Structure formats: structure tokens, C-alpha cells
Amino acid sequence: MPDAHLRVFRGDSSTEGRFEEFDVPVEEGMVVLDALHWIQGHAAPDLAVRWNCKAAKCGSCSAEVDGRPHLMCKTRLSDFDLEQTITVEPMRAFPLIRDLVTDVSWNYEVNKTIQPFTPPTDVPQEDWRWQQEDIERVQEYRKCIECFLCQDVCHVLRNHETERPFMGPRYLVRAAGLEMHPIDQADRREYLKDSGGIGFCNITKCCTEVCPEHIKITDNAIIPLKERVADAYYDPIGWAWRKLRGGDAESGARAELPVLQGNPPQTDEAPD
Amino acid sequence: MPDLTNLETHAHDVLVIGAGGAGLRAAIEAKAFGADVGLVCKSLLGKAHTVMAEGGVAAALGHVAPEDTWQVHFRDTMVGGKYLGNPRMAELHAKEAPDRVRELEAWGAVFDRTPDGRILQRPFGGHSYSRLAHVGDRTGLEMIRTLQDRAVALGIQVYMECTITQLISGADGVRGGFGYWRTTGRPVAFAAKAIVLATGGTGRAYEVTSNSWEYSGDGQALAYEAGAELIDMEFVQFHPTGMVWPPGVRGLLVTEAVRGEGGILRNAKGERFMWKYLPDERRAEYAETDEEAARWVTALSQGHETDARRPPELSTRDNVARAIYTEVKEGRGTQHGGVFLDISYLPAETVRRKLPSMYEQFKELADVDITRGPMEVGPTTHYAMGGIRVGAETGATTVPGLFAAGEVAAGLHGANRLGGNSLSDLLVFGARAGAAAARQASSKDAQPYLDPVQLQGANGALAAPLERPEGEDPYAIQRDLQEMMQRLVGIFRVEADLDEAIRQLAELRRRWQVVKATGGRAYNPGWNLVFELGNSLTVSEAIARSARQRTESRGAHSRLDYPASDDATWNGLNSVVTRAADGTMSVSATPLPQMSDELRSLLGGEH
Numbered sequence: 001m002p003d004a005h006l007r008v009f010r011g012d013s014s015t016e017g018r019f020e021e022f023d024v025p026v027e028e029g030m031v032v033l034d035a036l037h038w039i040q041g042h043a044a045p046d047l048a049v050r051w052n053c054k055a056a057k058c059g060s061c062s063a064e065v066d067g068r069p070h071l072m073c074k075t076r077l078s079d080f081d082l083e084q085t086i087t088v089e090p091m092r093a094f095p096l097i098r099d100l101v102t103d104v105s106w107n108y109e110v111n112k113t114i115q116p117f118t119p120p121t122d123v124p125q126e127d128w129r130w131q132q133e134d135i136e137r138v139q140e141y142r143k144c145i146e147c148f149l150c151q152d153v154c155h156v157l158r159n160h161e162t163e164r165p166f167m168g169p170r171y172l173v174r175a176a177g178l179e180m181h182p183i184d185q186a187d188r189r190e191y192l193k194d195s196g197g198i199g200f201c202n203i204t205k206c207c208t209e210v211c212p213e214h215i216k217i218t219d220n221a222i223i224p225l226k227e228r229v230a231d232a233y234y235d236p237i238g239w240a241w242r243k244l245r246g247g248d249a250e251s252g253a254r255a256e257l258p259v260l261q262g263n264p265p266q267t268d269e270a271p272d
Numbered sequence: 001m002p003d004l005t006n007l008e009t010h011a012h013d014v015l016v017i018g019a020g021g022a023g024l025r026a027a028i029e030a031k032a033f034g035a036d037v038g039l040v041c042k043s044l045l046g047k048a049h050t051v052m053a054e055g056g057v058a059a060a061l062g063h064v065a066p067e068d069t070w071q072v073h074f075r076d077t078m079v080g081g082k083y084l085g086n087p088r089m090a091e092l093h094a095k096e097a098p099d100r101v102r103e104l105e106a107w108g109a110v111f112d113r114t115p116d117g118r119i120l121q122r123p124f125g126g127h128s129y130s131r132l133a134h135v136g137d138r139t140g141l142e143m144i145r146t147l148q149d150r151a152v153a154l155g156i157q158v159y160m161e162c163t164i165t166q167l168i169s170g171a172d173g174v175r176g177g178f179g180y181w182r183t184t185g186r187p188v189a190f191a192a193k194a195i196v197l198a199t200g201g202t203g204r205a206y207e208v209t210s211n212s213w214e215y216s217g218d219g220q221a222l223a224y225e226a227g228a229e230l231i232d233m234e235f236v237q238f239h240p241t242g243m244v245w246p247p248g249v250r251g252l253l254v255t256e257a258v259r260g261e262g263g264i265l266r267n268a269k270g271e272r273f274m275w276k277y278l279p280d281e282r283r284a285e286y287a288e289t290d291e292e293a294a295r296w297v298t299a300l301s302q303g304h305e306t307d308a309r310r311p312p313e314l315s316t317r318d319n320v321a322r323a324i325y326t327e328v329k330e331g332r333g334t335q336h337g338g339v340f341l342d343i344s345y346l347p348a349e350t351v352r353r354k355l356p357s358m359y360e361q362f363k364e365l366a367d368v369d370i371t372r373g374p375m376e377v378g379p380t381t382h383y384a385m386g387g388i389r390v391g392a393e394t395g396a397t398t399v400p401g402l403f404a405a406g407e408v409a410a411g412l413h414g415a416n417r418l419g420g421n422s423l424s425d426l427l428v429f430g431a432r433a434g435a436a437a438a439r440q441a442s443s444k445d446a447q448p449y450l451d452p453v454q455l456q457g458a459n460g461a462l463a464a465p466l467e468r469p470e471g472e473d474p475y476a477i478q479r480d481l482q483e484m485m486q487r488l489v490g491i492f493r494v495e496a497d498l499d500e501a502i503r504q505l506a507e508l509r510r511r512w513q514v515v516k517a518t519g520g521r522a523y524n525p526g527w528n529l530v531f532e533l534g535n536s537l538t539v540s541e542a543i544a545r546s547a548r549q550r551t552e553s554r555g556a557h558s559r560l561d562y563p564a565s566d567d568a569t570w571n572g573l574n575s576v577v578t579r580a581a582d583g584t585m586s587v588s589a590t591p592l593p594q595m596s597d598e599l600r601s602l603l604g605g606e607h
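Sequence lines, in order, name chains A and B. Taking the numbering used here, I'd label the letters of the first sequence as residues 1 to 272. Taking the numbering used here, I'd label the letters of the second sequence as residues 1 to 607.
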């Protein structure tokens, strides 16, 4: 088999980045991450790349390959024309640390602002019952491996389109998994509207397209959440009905949570 | 080398090293006991190897088989471990696993459901009843995310992408750890009144492995260097079913749930070979014919009871791995050196629903549609039964102030681990170690003082590979180590090979001592590999020396020169590895802890 030609971004936040080219021997079934490992083992031992499971289960090896967001452990070289150079760059929505590694810590800060799972206090756990069909949607959200590719392609985050905070698709999926849990008691609609900035999503579905777990982020998570928020805050009849039933937006336990601050820090654009 | 006058130092009551399932569970429990907890991990939070666990978590909830009890789970664990497990650990594990699983549900885990709306359980090798609570074939992800979110909700301080290279000790035991930030390369120290090691296993020492780069035996080596004892190191679990093709994914795990749902193993001649490898003393527990095995699968998929017994593919992992290895060795393997595992006779919809990530994994990485044809599989290095010797109740190591839980600790699994028992292990003993560490911390008033001489030594060792003007590339040494361990200390072992392995390990260590890391300090994986490689060399030597000492075959340890179990000499004896005063490794044996009469009676007088 011919060699693959890779053009890999090198550099850190303090220096001007550059691309280095490598010729990598190809084996059948090889993925982009294998090629980077070969480079580490034979040509550039300090090439920085995150990875763990190498089985598309941990979401560590996110990067942009030929300009498209990918998990490198499941991006096969055979999907590319090996006559052409394959360009590998870090995710652009997050600040660069070094080479292909970016600072994704902002995402972990977002997670801290979401009201955690809140089961009922008046139903003993041995009486909890729910059917498989009632949780299939929640299980879909919980397939998320936190690769942050959806955050990377979300134009609100990537282009810093808003000064106000926006939690991004990953955390809308997480919030949906909590909101639609059969027995969760918390109400996150006010948070989603104000702090989470759900209104900034204008459903372009870029996140859904890149999800390696094939979660229908927009259709199954964000739109239903938008509907819930709209029902709570923009629909007077629904609001009155919930007041009568006692299930208004004030219900549910609330813990002291940090408030979501801003968007990912600005990043220096990688050179073209 | 940066001087240490302004060394970044953090102090906690309890420092947990490792943020997989065991570390997270320990941190949560220590926090619940009122301790101030710091949690350090080499990767980002939520990426640890626990996400790779697929099939389920074993707990005698009795939702599918009401006759299942802790007593049966205890017996299965002891039998599966060839009576070499710590009986008290097996007892605590079997008794407490159901509560630990229910606790996850209370923290938001969403397990698959039974028809009456409770947590569903599936069958697995060596478990007498359907016992594994699961979420399709991504149970580990569900567990780590649940624990991660719980830790976040409790406000536990997490130090991500931080490698601990050395424990700092004093006359009263361990006092803290020294390490560095992956992102900057800057040194950092942690002072703690108690430390829990939860760093996972050792599989990266082998060429074909299901383990990630993190599994370099860090905790085992840190503890050994600090004076702790390691036990059972010869028992390395080779999972029967890893992918064998294409080369880039060789070793990648194929969950036992494939067999749990009815997957059939066949050799290249089409023979269902597991029939002939069932051990005689266990044969009565398995089906006698294809027809009986098929009835069992049908009953399983339709959720009704049956008198049919389980298929032979659900024998214990050590046995199935040896069977596959033997079939291939004797020329009945597939083109790529594996055997066939077939689930495609079930409806495609069932396969996709029960095994969604296997379906994706084969489709995307091997161009195989497992609903239409068989997978090719072979053994892959998967799990370390051995590890740090700990007390059953507390996870306390033999070094004061130092605790261990999860795969890094030893004792529960004996000579062979049952599938599903690792996830329950990390919950039960993670919680116990976290509680014990918190208690220990509360008994100490002042934060311990970190000896500057040790810190200076650790700082010098950290910088040395970068400052050497020349030296060998760590990746080359790692490749040689992995190739050698695979060839000489693999599934079948023989004395001459083990002697040769020990000799070669000494040579590899000489090469490692003058290794050179190129590049700078910021996020340099080659530099990080230097420390991991040192740990891999230590645990590899412990594996090879323990394997040479045990002149019998038992569980996952198979000696071609001693093919039978030698109960007269070795029954009830664990291998022990310690660091001698002169720094060399010494290996000996110690009797198993005594078993209570109650537990002995549960084993039916077998042992």
C-alpha cells in the first residue's frame, strides 16, 4: 500500500503555529489516530494528541481532519484519497494548548451550572418503576461521550456570536436527559432560558451532523427543550394551567449552583 | 530544571489518584464522610478506562432470577477465582453490590428495564443467574458519567491531566504525591492525610490489549516503591474476545455480552469448539446439545423461564481464552488468526438493540455487519487480577495512610475474574476505601509536612529525561517491552521463557534509565511515556517473577510445564511481591486469609 501524507498542525499558544508533513506507512483498516501514533513512535515523539479508548467510547481524540470535525479513532484513512495530503488540525472553538490538544475546560465549567438529577423525596426507591419505552429517549441523550465536537461546530460558540452565555449542544443534551427523566423533579426551564441561553440556538443542526454517537441533538433534545421553555414563559394558558396543577417553574429542589459565565475564551485562529 | 522554591502545592484531607469508577466512588464517599477531597487524573474527567466496560455490573438484585442471592454471587466469584480470592472481600462484594447499584440509580443512572419496570439483568460467563445490570453494551459509560456528575454536584476538587510520578513518604506512612501538569509541564505537589490509589490496571505492558495508554501500572508501581506489597501479579486476564482484524484495531474489546445474548463461537472448520473445552467438574451446568443451548437463548430473548442450561460459550474467561488460543494454535483459526463469533442468527433488530456499540464498532472499523455475518475474535490482554494487597474492610495497603481500590487493588478476583465483577468491585471497594481514608484523615490534626529532599529527588527525576543530551526514544523501549511480554509471559507460560523475560526486563530497565525525551515540557506525550514505561517495567517484572514462582496452572495462569493445578503445594497461597532493602524485587507466597465457617459452608465443602 502507498504511504499516506499527513499535514499536522504543530505549535502552542505562545508561538506561531505551523504545519509539519509526514509520510506514514498504511496498513489495512488504519485510522487517522493510528497514523498519529506512528508519527509519535517514529518521527515526532512530542506530538501532542489526546486519546484514550481508541474505540469511539471516550470522546478524547476530537480534531478537524481536512476541515471537518472527527473522532480520529474512527476516521479511516481508506475514506480519503491517499494521493492527496490529509490535513489534521485541533478543534477551533477552543483555545490551543499544543499541537492537536485544546483547552476544553470551559465545558466542564458549564456542567457545574446544571441542576443535577433530583429524584422525588416522597417515593421510596424500591417503588421506582418505569418502562423501557419511557427511557429510550433519555438513554439516547446519555450515549453522549463528551467529545465536544458539537460544541466545536456550533456557530454560536465557534464564532462567538453572543456576549451572553450559551451552554452549547452538549449541555442542552445533558439538560434534556435530566428534564425528561421519568422521575426527575427539578425544573430547569428558567435556567435554560436565561443562564443557558437556549434561545441562541437557531437549529442549524450542525451539531447533529457531527455527533459520532448519532444523537439527534437538535430534533430530539434541543427542540423539545425549546418547546418546554416556550410553554413555561410564552404561553399564558399553559402557564395558568400549571399554576392550577401546582407544577410551575418554581417547583423542584434547587441547589446553590455556580452561574454560567460567558463562552469559551477567544482562540487564536490556526493558520491556513 | 525549575527550582522548587515556589512549588505549587495543594493540601487535602484525602487525595484520590485516578478518576475512573473506583476513584470517583472513593472521592464521593470520602466527601460524604466530611473529608476535603482532591481527585487527580492523568486524562480529562470522564475519559477513564471505565467507559470501556460494556456488558454490565454484577449484583444479586434478583430482578430477573428471584432465587439469586449474595450467597450464590459469593460462591460464583470464589469458584471463578479458583478459590484464590480473598473470601471476606468476596463476601462484602456480593452483599453490598446491590446497594451500590441502586445508589447509582438514585444518582441518575438509567439502566435498561425489566417488563415490570425494574433494573434489567443479563447473564454472563460464570454467573449462575442473570445478574448483570446494564445499559445496552455501554454500561461503563453510564456508570462513569453518573459518578462524574455526582462528584461535580458534591463540589469535589478535580485536577485533570496531572501525572503523579512519586509518592512522598514519612516515618508515619505516605504524606502526599509529587507530579506535574500535562498541559504546562510544571511540577505540582499534593499533601494529604490519606491517599487512595485508583489508577487501574497494567495491560499496556502487552502488545495486544484492550487497555488504553493510561494502563501502565502506575498505582501498583507507586505503591511498590513506597513499600507496599503486591499480590497475585501472575494472574493477567486475557479476555477471550478482542478484535483481530484490521490490524489497527487488534485487541479492541468485543463485549462478553455478545455471548451473554447467545453468540456462538466456531472455528474455521465451522465446529462449535467450546463443547470440548468445558471442564468436567462444571459440565453439568452447561447445555448438552446445540438444541438445548438454543432453547436457553430463545427463553432469554423472550424473557421467560426455561429448564434449558446455558451455552458452552458462557464458560469462564480463562477457559474460553485458552480454548480460542488452542484452536488457532492447532491450525483451526481464521485467516487473520482468530475464531468466529456469530450472533447474526438472531433478528437484526435484536442485535442492534442489545449490542448497539458492537454493531457500530464492527461496521465502522472492520466493515463487518454483525447482524449479517460473524465477527473474527481472539484473546486480548484485558485485566489485572493481581495488584496492591489490601485489607478487605478498608482497602488499606500495607503502608500506613495508603489505600487502594478497583483494578489497582487485588484480592477479590483470585486467579480469574468473572465478567461484570469489576464494575461492582470498583463501586463496593471504592466506597469502602473512600470511607476508610476519610476516617484516617479525621484522626490526624495537622497537614503532613512534605520532605523537601524527596521533592527535590522527584523533581530531578522528572526533569532528567528532558535534560539528557542524548539517549534512546521511549517509544522504542515500549515496543520492545510489549513484544517481549506478549511472546514470553502470555496466555501459556513455561519456565525457560519466564527466565528469559526476567533477563530481558533487566536489560530494558538499563535502557530506560538513560532514556531521552525530545521536545519541551508542555503536553509532551513522549516525556509522559518515560514515567509510565518505568511503571510498566516494574509491574512486568512482578508479573514474570510471580508467574515463574507458581509452578502450577490455575485460572488465568497457565503453565505448559505444569499443566495441572497443584492443590497440595499451591492451593490457598497468594504470591507476594515486595521491594527488598537493596532495591531488588523479592517474591514469596502467603496463605489466604481464613474463611469463616459460614462462608466455607456456602462453597459446599468443595474447599
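What the hints contain is simulated information worked out from the structure, not anything from laboratory work. The structure displayed is predicted, hence computed values, not measured ones. Heads up, the beta-carbon is just placed ideally off N, CA and C, and yes, glycines get one too. Certain hints may be false.
Claimed, not checked - Covered stretches of chain A (in silico footprint by chain B; criterion: 3 or more residues with CB under 8 Å from a CB of chain B, positions within the stretch not fixed):
#, segment
1, 44-56
2, 117-129
3, 133-143
4, 150-163
5, 187-195
To be verified - Restraint-style ranges between C-beta atoms, simulated for each label pair:
#, chain 1, residue 1, chain 2, residue 2, range
6, A, 67, B, 67, 57 to 67 Å
7, B, 583, A, 68, 49 to 59 Å
8, A, 190, B, 155, 43 to 53 Å
Tested hints:
1. A count of 12 residues in the segment 44-56 of chain A with a Cβ less than 8 Å from any Cβ of chain B is obtained; the coverage claim is therefore met, three being the minimum.
2. Given a C-beta distance limit of less than 8 Å, the hint that chain B covers the segment 117-129 of chain A holds, as 5 residues qualify and 3 suffice.
3. Interface restraint, the segment 133-143 of chain A with chain B: holds (5 residues with C-beta to C-beta distance below 8 Å; minimum three).
4. Restraint check on the segment 150-163 of chain A versus chain B: 0 residues with Cβ-Cβ distances below 8 Å, three needed, restraint violated.
5. Counting residues of the segment 187-195 of chain A whose beta carbon lies closer than 8 Å to any beta carbon of chain B gives 0, which falls below the threshold of three, so the coverage claim is violated.
6. At about 58 Å, the beta-carbon gap between residue 67 of chain A and residue 67 of chain B stays in the expected band of 57 to 67 Å.
7. About 52 Å separates the C-beta atoms of residue 583 of chain B and residue 68 of chain A, a value consistent with the hinted range of 49 to 59 Å.
8. Between residue 190 of chain A and residue 155 of chain B the beta carbon distance is about 22 Å. The supplied range of 43 to 53 Å is therefore violated.
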